[in-house]
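Please work from the sequences and hints to get the whole structure.
Heads up: the sequence lines are chains A and B, in that order. Numbering of the first sequence is given in my numbering, commencing with residue 1 and proceeding in unit increments. Numbering of the second sequence is given in my numbering, commencing with residue 1 and proceeding in unit increments.
If you are wondering where the hints come from, they were derived from the structure by calculation, not from laboratory data. It is possible that some hints are incorrect.
Among the chain A residues that face chain B by a calculated CB cut under 10 angstroms, a handful are [claimed, not checked]: (1) Phe-81; (2) Phe-93; (3) Phe-230.
Even glycine gets a Cβ: it sits at the ideal position worked out from N, Cα and C.
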Amino acid sequence: MSCLQTISDYAFRSLGYGERLLPRGDFTLCQQFTLIGSGMIWNVYFGVLALLAGFFLAVTLAVGKSSANPMARKPAEWFIFVFRGSPLFIQFFFGYFLFLSLKSVSSVFDPFTSAALGALVVLFLNTSAYTAEIFYGALLSIPKGDVEAADAYGMTGFKRFRRITFPTMLRLAWPSYTNEAIFLFHATTLVFFSGFPALRQKGDALYYASYFADKTFNPFVPYPILAGYFILLTLVLIGLFGVANRRLNRHMPQTKLPRMKFRLNLIR
Amino acid sequence: MFSYCTDPSTLDNLAWLSCYLTTGKHSAMYVSVFVVLLLLAITAPMALLFGFGAATASRSTILPLRWLGRAYTSIVRGVPDIAFFLFFVIALDQGFEWLRHKVKCPDWDEPIRRGVDFVVCDAAKLPLGNAPQWVHETYGFFLAVLTFAIVFGAFAANVMYGAMQTVPRAQLETAEAYGMTRRQTFWRVLVPQMWVYALPGLSNLWMVLIKATPLLFLLGVEDIVYWARELGGTQNPRFTDYPHGDWRMWYFLALLVFYLMFTKVSEVVLDRIMKRLTKGQATMGGEAQRKAAA
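Structure follows, in structure tokens:
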């Protein structure tokens with residue numbers, strides 16, 4: 001079977017299109033590349049949506065945590081503590097079984113027991129907490145002078161937040177936020193190993209990689225392929241976030257632009 | 001466990017619960033908590049050792065050694081950690097068997113990798129085919145520990161490499177001016193001073209390590225996640241004295257709380273250690289402490 005044939009059979013296998021059965025014997029390199037790449041669709045799906053949705057909740061939480069009002073501060077602090085203090089792996093399990101129990105209460109929760117929605121909700125909450133902590137740290141390190149200048153211009157309340165506090169917070173937090181994004185994409189590989197079922201073997205990249213490793217009993221091919229895909233994804237992310245970073249810093253003296261430093265500590 | 005547990009179906013809530021939570025299987029779950037703690041206790045120093053070695057290698061003057069250290073530390077960036085876990089468990093297992101195979105059966109001439117099979121001679125199997133169950137379990141645990149140490153060693157290497165770079169250059173120059181050799185400078189000046197700079201990163205790493213322990217489940221060790229799934233699932237009255245519905249949600253809630261408490265306690269302890277270490281240091285933290293006392 002030619003490689004093109006394989007690609008047309010398996011390129012969208014992770015979404016349920018193409019060949020129904022996974023390859024069974026005589027695994028070719030082409031099959032492994034195609035299927036694992038097909039699984040990456042899920043990783044990108046989870047990562048992008050959780051990141052986009054998480055951004056807004058994170059800003060809210062960060063503002064809440066830095067608020068002087070305990071009614072806003074306490075819930076934000078607790079939310080961040082719970083999601084940052086416990087393993088994502090356990091959160092996935094808990095989320096899945098929670099949705100499973102809720103399913104019997106109301107059929108509204110039916111779609112949540114699937115990975116596509118349920119795992120996304122867990123990832124969204126999780127990344128919100130981590131991002132909120134980053135944004136909170138950035139809020140604390142906004143130069144006092146900036147805020148005083150805004151006061152001197154008569155800006156208050158939401159206007160000051162929108163024009164001064166928020167852009168500065170984003171600029172300061174951006175390098176760490178980039179790390180968080182990379183980190184989130186890596187975390188998406190946990191989804192199908194933590195309760196959420198891969199219906200009809202529609203899984204993510206790691207799911208297929210471990211499928212091949214189990215079937216061929218040879219980890220030295222599928223996992224490096226997976227690693228290659230993820231390094232590619234990471235480079236794309238760094239590129240995209242780098243563009244945003246330059247835009248956020250465009251008013252700063254360009255020689256003093258802080259170099260983006262990527263400090264990855266994986267696993268959450 | 002208790003004397004009144006002989007017929008659980010007659011008991012009411014609290015007594016039933018006290019019996020339920022002390023069954024043999026639950027005891028196995030409590031033991032598995034210690035497996036997690038044991039893993040942490042073994043992995044943390046091993047990862048430190050790996051990290052220290054790699055950090056030292058990364059700043060070595062010998063080029064291949066430096067490459068090796070850099071490659072080890074940078075290869076974990078950009079790749080999901082759990083892929084490493086799944087990879088190393090099989091790769092290490094096969095690596096050990098291959099080595100033993102080379103040593104024990106030198107005159108074996110058939111290929112080891114045949115299609116989808118990995119075949120080594122019987123004497124090289126790990127653990128041996130006739131080994132008792134506990135050897136299999138211990139070997140599995142050992143592989144898990146080694147995997148954790150390799151992955152976290154790379155993280156620790158990153159932190160320690162950074163810390164070694166942060167030690168003020170003047171300190172090392174002074175040591176050189178006193179005529180110390182490179183080795184002496186390293187052991188007498190650099191290593192004692194690097195810990196203050198490494199501690200924030202290392203304590204962060206400890207938190208990450210705690211949160212990585214449930215991944216043991218993926219490595220095939222019977223850890224708390226395994227037991228939570230096992231015990232929480234629907235129990236049929238035909239097979240158990242304690243039938244119940246699907247309680248997995250509550251079991252994982254308990255795990256969630258366990259981990260939250262664990263990280264909280266670690267946070268408090270690490271804060272204390274940091275306070276002690278910064279005392280009298282010429283850093284911002286030390287200065288703040290001095291001002292607060294005055």
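Comparing the hints with the structure gives:
no.: 1; hint: Phe-81; result: holds, 7 angstroms
no.: 2; hint: Phe-93; result: holds, 5 angstroms
no.: 3; hint: Phe-230; result: holds, 5 angstroms
Of the numbered hints listed earlier, not one is contradicted by the structure.
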